[in-house]
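Peer 1: Generate coordinates for the entire structure from the input sequences, incorporating the hints supplied.
So the sequence shown is residues -22 to -1, 1 to 644, counted in mature numbering (1 follows the signal peptide of the UniProt record, and there is no 0).
I should point out that these hints are in silico values taken from the structure, not numbers from a laboratory. Incorrect hints may have been included.
[Unchecked claim] Label pairs and their computed distance ranges (CB to CB):
(1) Glu273 <-> Gly543: 48 to 56 Å
(2) Asp501 <-> Phe417: 55 to 63 Å
(3) Lys581 <-> Glu477: 39 to 47 Å
(4) Glu33 <-> Asp235: 39 to 47 Å
(5) Ser473 <-> Leu326: 23 to 31 Å
(6) Asp218 <-> Glu477: 35 to 43 Å
(7) Ala265 <-> Glu477: 27 to 35 Å
(8) Gln561 <-> Asp235: 20 to 28 Å
(9) Asn112 <-> Lys240: 52 to 60 Å
(10) Lys355 <-> Asp308: 23 to 31 Å
Idealized CB from N, CA, C, for every residue including glycine.
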Amino acid sequence: MQKKKIFTALLVTLFFSRTVWAENSIKFLDKELIKQLNNGIYEVVTPKIESSKMEYDRKLPFEKMDFKERNEKYYSIGTAFFINEKELLTAGHVFSPMYFSLRKQFFIRDAAGKVYPVGKINKYSTIRDMLVFNLEQYPEKIRPLTFSGPLDVGDTVFSAGNALGEGISYRAGQVASFTDEREYGKWKDIRFSSPASPGNSGGPLLNLAGEVAGVIVSRANVGENYNVAVPISEFSNLTDKAEFQLRNVTVEIAGTDETVIKDWSFSLPLPAAVTEVAEKSQNSLDAFHKAIAAELTEKVKEKSFPLGPRFRDYLRNQPIFQGLAALVPDIDFKQWTAASYSMEKIPLSAVQNVHRGESLHFDFQAIVEKSPETPLKDFLDSPKMIMDTLLKAIPYYRSVGTEKVRINSFGEPEQKNVWNDRLGRKWTTSLWFSEHNNFFIASHCLAYPKGALCNVTVKSASILKLNYFDMVKEGSDEITIGYEGEVDDWVEYFSLGKERLPVYFEGAEMVREGSRLQMKLKDFQIDFSNPKISGKSSLHLHLGYANELLLAEDLVRFEIFPQKGSPAHYRIQPFFAPSPFSQENYTATWDEALHSTGEFSGKVINKGERRIIHKTATQTKKTLTAFDGQKIEKLFTVGCSYKTAAEEEGDIEQDCARFFQGVKFF
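Peer 2: Listed below in C-alpha cells is the structure:
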C-alpha cells in the first residue's frame, strides 16, 4: 500500500511538472524569419589602430592568438539595425561622441564581413540612449525592421545582436518586469531575461514576430539575466537636435567634503558628421568641467589654497622631502599636510638611476637621470629620451593573447607644451597615444639636477577632454619640491638659465674648484672649503612657499653633505615666528632660535650618534610684512652635524666656525 501511494504521488508530480513546463515554454523565431532579419541587423565596428611609433623588445606574437582574434581587423563595439531603407538605430553609448577617443571611424559589418562606413548622425539622445545614423555606402539587401506594440510580463522576447563580438545571434527569454527609467522616470524600461552580452548594446529586443519592442542598452551582472531595453515607443520622442545630458557631474577637493555637483546639457542641430558631433559635444563638456571647477575654487577660496588663514599658518613650519609632494587640507581646511612618498631607487647602471614614487594625483612620480655623456639641456629638450629612460626602469607591457610584450619606446610625443605655473616653474607636458587600447600617456616634467622630475599619467583617452590639462596646470601650484643632487650636477643645472630654471633660482650661481665651493642663492652666498668636498658631494635644496608673498617659492632647508653617504652635513634653515596654531615643539624650537639658546647656542650638543652645532644668524632677524598686512618675524640658522665615530673626532668647532664664516646673508 505504501509503495502504491509513493508511485501515485510521483505520477502526479511528473504530470504537474510537465504541465507547468508546457505552459511556460518559450517559443523560438522561425528560421526563415531569422534569415530576413539578418539583412536588417548589423555589427557596429571600429578599425583596430596600430601605432607606427611604438617600439617593442620583440615582434608582437600575433600568431599566438586564436584564429579569429589574430585575423580580426576591427573591434566589435555594438549592434545596429535598419529602421528604414537609409537609417539605422543603435544605442547612443555605442558611439559615446561626448568622450574623446582615438577611435574616430565607425562602420557596420554584415555576416560576410563586408563593412560600410557610417555617414552622419541624424538623431541622438543620451537620455534615451538612442542614436540614428545613415551610411556612406549601403548593403545590397536591406530589410528594415518594424516596430511592435507594447509588451506584457511573460511575453517571449529575443535579444538580437553582436554577442561577445561573435556576430549576430538570437537568444530567447521573457519580459520579466517594467521599471522606471533610472535617471528621470520618464518611461518604463523593459527588463528581460534573454541573455545580453558585451556587443549586444544597440541591438533590437524582438517579439515572436521579429518586430522591435525595444533597444538593448545594458546588461545585468555576470551570471544574471535581468537586462534592460528602452521601449521602442521612445523613438518617436527623438528630435532633429542631438540631445546631451549628464547628471551629477562632480568636482571635489581631495581630503575635504567640498564639492560642486551639476547637470550638463548640450544640443546641436542634426544631421551632422560623427566627427562634428564629437568635437562640439566634447568641447562643451570640457568647458562645463572647467566652469564647475572654477565655481568650486571660488566657493572655497577664502579658506583654501593659497588665501586660507590656516594654510598661511602651515607655511610657518613646512616639511622636507625628496621629489614632489601635493598639498592636502583636512575636511575643514584647518590642518594642511604635504602628501609625500618615499622614492624607490632603480639602478640602470653604476652611474644612472631612476627613482620612482607614488603620487596623490598622478599614477606615479619619477626622478629620471640622464646618462653621463648626455648634456642636461639636450635631455630636457627630448621628451622621448626621458620617457625611453623611464621605460627601462619601469616596464610597460602590451598584452597579446596570453603573452606580455615589453614596450621600449612610445616614440616622439604627439604633443609637447612648455608652460609656467604661478610659482614661476617651467614645466614640459608631453602626450603620447597608445592606440591599440585607446589610452594616453602624459608626462609633466621639471628640470632637476642630473635629469628630470616628472609626474606621469597612464589613463583612458576618454578623460582628455574632461578638463584634464587645465586641472594639471592649476593643480601644479599646490605641488612642492625637494631637490637633491651631486654638486657637479647642480653646477650644470644652474647653467640652464631662465629658459629652464624656476624664478626662485634666477640669479643663482655655483662654482666648484677642487674642494672649494662657491654658491649664490636668493638670501645668501657661500664660499667654503672642505677637503671632503668634491663633485660627488650631495646638495639638498628643499623649497616650499613664501610666507610674505601670496604665491611664490622660498627656501625651507639647504644642506650640503661633503662625503656622499655620510650623515655629516652643513645646514642653513629659515625659521618663522609660530602662529597660534603651531605645534608646541615648533614653538619651543622657535624660542630657542630667537634667543640663541638650546640647540641654537652655538655649542657642541651630543645627539646620540651625532654631534651638532647650530647657531642663530642674529643679523638675519627681520619682520616681514605679508601681502595681507600681517607682520611675520623671520630669521636664519646655520648648523653643522657630525658623526661621533673616531674619524670625525677632529676639531669640529673650528670646522663649523669656518662654515659659519663662509656664509654671507643678504
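Peer 1: All hints are to be evaluated individually against the structure, with a verdict given for each.
Peer 2: Hints and how they fare:
A beta carbon spacing of about 51 Å between Glu273 and Gly543 agrees with the range 48 to 56 Å that was offered as a hint. The hinted range of 55 to 63 Å is not satisfied by Asp501 and Phe417, whose Cβ atoms lie roughly 45 Å apart. Checked against the hint of 39 to 47 Å, the pair Lys581 and Glu477 passes, with Cβ atoms roughly 46 Å apart. Look at Glu33 against Asp235: about 46 Å separates their beta carbons, and that is inside 39 to 47 Å.
Separation of Ser473 from Leu326 is about 24 Å and conforms to the stated range, judged on CB atoms against 23 to 31 Å. A C-beta distance of roughly 53 Å is found between Asp218 and Glu477, which places it outside the suggested range of 35 to 43 Å. At about 32 Å, the CB distance of Ala265 to Glu477 agrees with the hint of 27 to 35 Å. Distance hint check: the CB atoms of Gln561 and Asp235 are about 25 Å apart, consistent with the given range 20 to 28 Å.
A C-beta distance of roughly 34 Å is found between Asn112 and Lys240, which places it outside the suggested range of 52 to 60 Å. A hinted range of 23 to 31 Å is violated for the C-beta pair Lys355 and Asp308, which are about 42 Å apart.
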